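Mind docking chain X on chain R? Use the hints.
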Amino acid sequence: MSRWLAGWAPLLRIARRDALRARGRSALIVVMIALPVVTLTWLSVLHRTQELDPDELVDRQLGQAQALVLPAYSGGPVLQAPDPFTGSLPVDPTVEVGEPADPRDAVAGLTGYRLLVSQAGTVEARTPSGVAAAEWTEVTVGDPANAGRYVREAGRAPREPSEVAVTPTLLDHLGAQVGDTVELSSPARELTVTGVVRVTGNRTAEEFFALPGTLIGKGVPAHGPATVRLVGDRPVSWADVQALNAQGVIVYSRHVVLDPPPRPDVPFYEVSGESDNPSWVFALLAGVMIVALAALEVTLLAGAAFAVGTRRQARALALVAAAGGSRRDVRRVVLAGGLVLGGAASIAGIATGVGLAAASKPLLMAWSDSFDFGRFDVPPWELAGIAALGVVTGLLAAVLPARSAARQDPVAALGGRRGQVRTPRKVPAIGLVITAVGIGMAALGSSLALAMTTGLSSAGGMAAQGVAALLAGGAALAQLGLIICSPAVIGLAARWSGRLPLAARLALRDAGRHRGRSAPALAAILTAVTGSTALLLYVAAIDASDREAYQPSWPAGHAGLNLQSVHYDPVKGVETVRELDPDRAVAALRGVLPGFDAEVVPATVEGCFDQCAEPAGTALALPVHRASGGYLQGGSYGAMPVGGAATLSAVTGGVSSRQAERVLDRGGVVSFVPGVVRPDGTVRFEVRDAAEDVEMRHVSLPGAYLRGVPDTGTTGFYSPQAAERLGLDVRPSTLLLDLRRLPTRGEEEAARAALVDAGIDGWLTVERGYVSDYALGLMLLVGAAAVITLGATGIATGLAQADARADHATLAAVGAAPGVRRRLASAQALSLAALGSLLGIASGFVPALALIGAVRSLEVTVPWLQLSLVLVGIPLLAGALAFAFTRSRVPLERRIA
Amino acid sequence: MSAVLEITDLTRVHGSGPSAVHALRGVSLTVTAGELVAVMGPSGSGKSTLLTCAGGLGSPTGGTVSVEGTVLGTLSRSERATLRRRAVGYVFQDLNLIPVLTAAENVALPRELDGESSRAARRLARAALAEVGIADLADRFPDDMSGGQQQRVAIARAVVGDRRLILADEPTGALDTETGEAVLRLLRARIDAGAAGVLVTHEARHAAWADRVVFLRDGQMVDETGRTDHPEVLLGAAR
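The listed protein sequences derive, respectively, from chains R and X. Under the working numbering, the first residue of the first sequence is numbered 23, with each subsequent residue one higher. Under the working numbering, the first residue of the second sequence is numbered 570, with each subsequent residue one higher.
Just so you know, the hints here were simulated from the structure itself, not pulled from any lab data. Everything numeric in this text was worked out from a predicted model, so none of it was measured. Cβ atoms here follow ideal geometry from the backbone N, Cα and C, with glycine treated the same way. Any given hint could turn out to be false.
As the list claims (entries may be wrong) - With the C-beta cut set under 10 Å, the calculated list includes, among others, these residues of chain R facing chain X:
no., residue
1, Q264
2, L524
3, L528
4, D532
5, A828
If we strip away everything but chain R, and leave its shape as in the complex, we get (with noise of 0.2 Å):
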């Protein structure tokens, strides 16, 4: 053992003092191989100093209480994990939805607890820039049982209907401070704030806080039954909890939660099937596959880095073998290199990583006050895993030169002669053939996936594990099969290259000469582009499957106003209709939001369901589908829109047909679906009279079918002679105007406040379209691989450049003007960075079309644009920036005679 490690000390010492003798080419190794490691350091110790302990996490839940009971909205009794936040089930899902229990009904059998209610609604209040929705929550804040929950700032807890305490955040939305009075328009009330309430853990929250039976019910809806926190001595029992659930609310209990039950007391378990949570599968194998595709990454740009290390040595290292190294020793001086620098980085890295933890806590605390830090916490097996990735990462980057090396002859070397590289012809063979295995694996998974989320949802989570599994791991073989190809690939374009411009053709054909160094470069590109595309190409996908499903309540550019404002009065228990003044909500519009042309569109008057104000004098409409019964519906207008070529043609957002108009004037309707209209241009309707159900009668009305209007959830047009005939009540239903522009965020709050000012309370919606929430992400997928390219092209061509000085020194003596240099330097980074995209992409598709065929809802949508780019945009950007970095001047090569 001794003599083992005794032969390798000479070899560490030439590994180091090549490192110090080599200054630039280590540091970049070393930057490499420590950025992951700073990347995940830095994680690591902001995870364990944000993760809470459990105690916490129940304290913030519950305060001081024993328990939390909440409804269950599936109505009827329930079954429930120890912790129902992760998971709960009705006793019989085929039980039809229902009223949710009252949780202060459920619990009034339980003796020994104080119950601390609280209920949630939403207000609309004003801002020094309008109008902002807020949430509403009525509980005694300062309640001794509530410490933990909520922490008191500044002033005091509200004691008054009349007043209130809210979070910081609003505080500074609403522009007040402790002592002013705020005032809420929805419902309108004045109130006064007596102090500053923090949610312990939601430093975003916006929301007022008020005694209970303040204004819920009274003018604001709650969100649901109120919730009931018990407090007491005596612990919440899992005996308790499922006594609570037969009644159909849910229970947190601390003592539960502290302590769970064992499995098989669960009855929970066994009804979902769940061995445990699969989502924590899926997080894993992402997390595994993104520290060993960046493991990977870096491997392959130190590997490229090494290889021009080990050219450089090549020298010394035929020095080793005539001084009567053996192949070993040669090999181990490389070897030792990568010892040497992935040690140097993992210290590096993991000094820098906790350094820039703690100076990034308070920063981020400040910066976003999602983020809420507990004690600084550095997790020392973390870090000690994480450097030995490092240590790991430089060994690997090692090894392939570190086997070249051993194979050179010492006698070339030392003679200075420049070698051939040649790939065995198996070696690409058998990228192809894990190519081919890693596609087959994919695609099987794939349908594996799809055949169980269709057709057996109740498999079990081993077997999504598996599914998992053979998706992730066949996109990774197919990987692996093609950076196995990428010398071949190199070889291939360089033997290709005869018909090429001059600068493309010498730096394909060096690529190809210099393996060593362009391989690794080609499939760090590859691998980054590969990952890039394919997570470009599922969020596209996501993305258009959201686009897809998006329904716009106007069409694109129109706001709308409805005129029928709906209240509810507490005291007779009944809802009133208050009718809005169009014109009054038209001057107050004027001038704060951008021009606009109005349109008031008048709506039948459905018969209501409950509660009416108003009897029932309105009949019920329903025009019966010719084909399946589908019915004409109003959209965001509630009931059928009326009117005549003009009304109609602000609904479409300007679609209308000579026979749409012509039909109208007819008295008849215009369908916006195909269908509706039958062959001998009626429309057929079955007209029930709401008073008496029985009594029905068929009428027949002439019918268009108008094609091509956008989908806002309308799908019909009635003339008012047709809403007549059918005995509907037209009144204005919508003041719809169409905006020359969009309006700014800051315009709509005016806007809403503008109307609030007129008396006018009614909800202003503008159609903006489908807004993505993926536009920049996308786009930061792009910048990833952009970043990953530039790299990697940016250390091969580098290396080329100083690899090739005798090159250049001909080039001048055979009269290359200056700028050669800077022209082949350019298309050695462009055209690696080319054949490293289009590879990547193509494997890109590979998990993409896996993951995409998985989910049913989901269909292939190619990102042009993003993809264009990184086939096009990133190399050209790489072959711009070599271009502009490399120096014009040729240095003459001193030649030593």
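Same frame as chain R, but now just chain X:
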């Protein structure tokens, strides 16, 4: 005979102050078409510096260099590069072929760099390779050729197009005697066809191929022989 290369009072100083090295101190030399001048001298005498300045690869500290009447000192860097592409051919001892280009592509390089189409440049290159007797090696890479074959390619590259000044720096240094002689014979043939040549060597045997030999020591010309007959002529005379 018109002078192809005219060097007047050339000085070249590397570095400055106490560490300054005077590589050349007032060297003058004229080479006419059809003339091969050998430059001899010990290591560090300034031979190679003379050659780099003659082709515009390096710039003189003082004095003038003119190639076919063009004074190099008045040219910009890229104009000097143009001159090298069109009028001057270099042959070095080693490191003078681009390893990733085939023989034909190496020879075509100056023409291609000059903006000629690849096809036309390669046609010229093949002709030049045929002239130096290795037309069949046009598609080989340098690594697949012997040293002598490589040096023939280098000479073909030095003369491709219509270039009239060949600057050779120890062109036989890496070759065995017989191959070296063959290369020099080829160089001589090109000179006889109308080019002017400067041959840097430290072997008197090779200098015998030149019309004239100049000797450099410590950057100064210390001796010059008159026109001599080169071996081929002598051999011819002996017959």
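Evaluation of the provided hints:
no., hint, verdict
1, Q264, "78 Å, violated"
2, L524, "5 Å, holds"
3, L528, "6 Å, holds"
4, D532, "5 Å, holds"
5, A828, "4 Å, holds"
When held up to the earlier numbered hints, the structure conflicts with hint 1 and nothing else.
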